[in-house]
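Construct the complete structure from the given sequences, taking the supplied hints into account.
Residue numbers (my numbering), protein chains in the order written: chain D, 1 to 108; chain G, 1 to 223; chain C, 1 to 109.
Any given hint could be a false lead.
Label-pair ranges, simulated between beta-carbon atoms [as the list claims (entries may be wrong)]:
id, chain 1, residue 1, chain 2, residue 2, range
1, C, 13, G, 168, 34 to 44 Å
2, G, 116, D, 89, 47 to 57 Å
3, D, 17, G, 120, 30 to 40 Å
4, D, 91, C, 108, 49 to 59 Å
5, G, 56, C, 106, 46 to 56 Å
6, G, 223, D, 91, 44 to 54 Å
7, D, 87, G, 223, 44 to 54 Å
8, C, 109, G, 73, 43 to 53 Å
9, G, 73, D, 88, 42 to 52 Å
10, G, 56, D, 91, 21 to 31 Å
Which bits of chain D does chain G cover? Going by a derived footprint, with three or more residues having C-beta under 8 Å, they are [stated by the list, open to error]:
id, segment
11, 16 to 25
12, 44 to 54
13, 64 to 74
14, 90 to 100
With a straight-line cut-off of 30 Å between C-alpha atoms, the simulated DSSO-like cross-links for lysine-lysine are [unchecked claim]:
id, chain 1, residue 1, chain 2, residue 2
15, D, 40, G, 135
16, D, 82, G, 135
17, D, 93, G, 52
18, D, 82, D, 40
19, G, 90, G, 52
Calculated directly from the structure, the hints in this document are not laboratory data.
Glycine included, C-beta positions come from ideal geometry on N, C-alpha and C.
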Amino acid sequence: MTRGHHDLGGRPAGSVPREEHVLSPWEKEVDAIRNLLGDKKRRLMTSDELRLGIESLSEAEYNTLAYYDRWIESILTTMERKGVLTRDEFARKVAAVQTRPEHLKEGA
Amino acid sequence: MAPHDGHDHDHAHGHGEQHGQPHPHRPIQEDLSYRTESAVRARALKELLIEKGIITADEVRRQIEIVDARGPHMGARVVARAWCDPEYKKRLLTTPNAACAELGIDLGETHLFVVENTATVHNMIVCTLCSCYPKTLLGIPPDWYKSFAYRSRAVREPRTVLAEFGTSLPDDVEVRVHDSTADLRYLVLPRRPEGTEGWSEERLAAIISRDSMIGATLVRPDA
Amino acid sequence: MSVTFAIPAEAAVLRVGQEVHVLPEAPPMSVGKPHIRTPFYIRGKTGVVAVAVGSFRNPETLALGGDGLPTQPLYRVRFMQRDIWPDYSGRPDDSIDIEIYQHWLVSAA
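Right under this line is the structure:
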């Protein structure tokens with residue numbers, strides 16, 4: 001059985017990076033959205049589904065996407081599978097957000 | 001952050017003020033990432049889920065407040081109490097969720113498991129498969145805990161990784177790594193440092209660092 | 001150490017102190033594009049049950065949107081570092097504890 005590219009234990013790697021960053025608003029929002037989708041009210045997504053969605057990314061995506069970008073991808077995959085939204089709808093929404101003045105992208 | 005740090009977001013921030021108009025939304029945060037493609041995608045995801053009636057903006061805001069309120073200060077209270085009260089320590093080791101609830105800390109659906117550092121065993125936590133962490137007790141994990149390098153190396157060369165954190169252990173101490181692979185979430189109960197006899201719980205809690213509760217460092221009385 | 005959880009462990013067949021092998025491959029009840037909680041580096045290795053934790057919904061089926069039933073007994077299994085990494089350079093009694101579900105374990109006896 002092959003080893004998943006997320007399955008890192010024992011692999012050679014460099015020194016542990018010690019720089020830390022304060023979470024950006026968008027990162028906190030993705031974290032919050034994931035918590036809400038899995039809460040008792042919704043039960044739309046387990047942490048197991050989140051993880052499978054992340055593990056299903058290509059190795060290149062897994063290695064280059066930021067932590068919460070991987071979450072966005074997994075949430076999209078899971079929500080599309082459950083019929084909540086489609087990737088097409090998401091692409092249209094991204095395009096719509098991009099056309100707004102910069103400051104309107106922040107704060108909903 | 002310095003008021004004039006030269007980053008272009010200062011310029012962007014000043015743009016609305018130049019025209020003397022009240023800002024229709026929250027002020028732009030002083031970070032560059034919100035304008036990245038990632039932030040646009042996050043915004044699109046949030047708005048789509050709101051339009052679908054799955055979540056509301058208020059729920060997102062409230063959830064962020066809940067997450068922001070959590071952090072290592074909660075774990076530090078638990079550890080400090082365990083240092084001062086041997087009976088509490090027993091309960092923390094055997095019924096950890098209930099022991100946290102005694103201090104008003106609700107771990108929700110987290111199954112906490114506490115591992116105690118002793119004169120002969122040093123415990124260290126990693127999640128090699130993702131980034132499992134006791135978020136309801138310690139907050140969001142630090143970047144280093146989520147890093148590929150830590151996840152790769154902590155299980156194979158824990159002593160070298162500890163040394164990188166400036167943690168040196170006596171020769172007769174066993175290092176026990178816990179790979180958080182499934183349903184438990186781990187708290188390291190660090191050793192109480194010498195020189196803290198008679199300290200109050202509050203004073204002790206102030207020196208108990210986040211990284212010591214992951215097992216990457218030891219608690220120092222001069223922290 | 002005894003740890004009390006709300007989830008019963010009546011289906012647990014392994015005992016604390018028992019020597020166990022981790023299966024080298026995913027067991028037959030693992031399904032689909034696997035979401036597996038048994039790390040690659042520990043498959044095929046031998047350890048000792050340290051704690052019988054209780055029974056939990058199976059993440060392999062939860063990950064596919066299923067109900068995770070039947071639940072699987074979960075154990076904390078202790079391995080010696082020198083048994084995992086032939087070139088391990090730390091102390092000979094350094095160890096790793098890993099949570100492993102029962103369907104990935106067989107008794108070594």
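Outcome of the hint check:
For residue 13(C) and residue 168(G), the Cβ-Cβ distance of about 42 Å falls inside the hinted range of 34 to 44 Å, so the restraint holds. At about 51 Å, the CB distance of residue 116(G) to residue 89(D) agrees with the hint of 47 to 57 Å. At about 31 Å, the beta-carbon gap between residue 17(D) and residue 120(G) stays in the expected band of 30 to 40 Å. Range check, residue 91(D) to residue 108(C): Cβ separation about 53 Å, and the 49 to 59 Å hint holds.
At about 49 Å, the CB distance of residue 56(G) to residue 106(C) agrees with the hint of 46 to 56 Å. With their beta carbons about 49 Å apart, residue 223(G) and residue 91(D) fall inside the hinted range of 44 to 54 Å. In this structure the hint that residue 87(D) and residue 223(G) lie 44 to 54 Å apart at CB holds, the actual value being about 48 Å. A C-beta distance of roughly 47 Å is found between residue 109(C) and residue 73(G), which places it inside the suggested range of 43 to 53 Å.
Checked against the hint of 42 to 52 Å, the pair residue 73(G) and residue 88(D) passes, with Cβ atoms roughly 45 Å apart. Taking 21 to 31 Å as the suggested C-beta distance range, the pair residue 56(G) and residue 91(D) conforms, at roughly 23 Å. Counting residues of the segment 16 to 25 of chain D whose CB falls under 8 Å from any CB of chain G gives 10; the rule of at least 3 is met. By the rule of at least three residues with a Cβ nearer than 8 Å to a Cβ of chain G, the coverage given for the segment 44 to 54 of chain D holds, with 3 such residues.
Coverage of the segment 64 to 74 of chain D by chain G holds in this model, with 5 residues showing a Cβ closer than 8 Å to a Cβ of that chain against a need of three. With 6 residues carrying a beta carbon less than 8 Å from a beta carbon of chain G, the segment 90 to 100 of chain D meets the three-residue requirement, and the given coverage holds. Taken as a hint, the residue 40(D) and residue 135(G) pair is honoured in the structure, with Cα atoms around 17 Å apart against an allowance of 30 Å. Pair hint residue 82(D) plus residue 135(G) holds up; C-alpha atoms about 27 Å apart against a cutoff of 30 Å.
Proximity of residue 93(D) to residue 52(G) is assessed by CA-CA distance (about 12 Å); at most 30 Å being required, the pair is judged to hold. For the proposed pair residue 82(D) and residue 40(D), the alpha carbon gap of about 17 Å is at most 30 Å, so the pair holds. For the hint pairing residue 90(G) with residue 52(G), the CA-to-CA distance comes to about 48 Å; that exceeds 30 Å, so the pair is violated.
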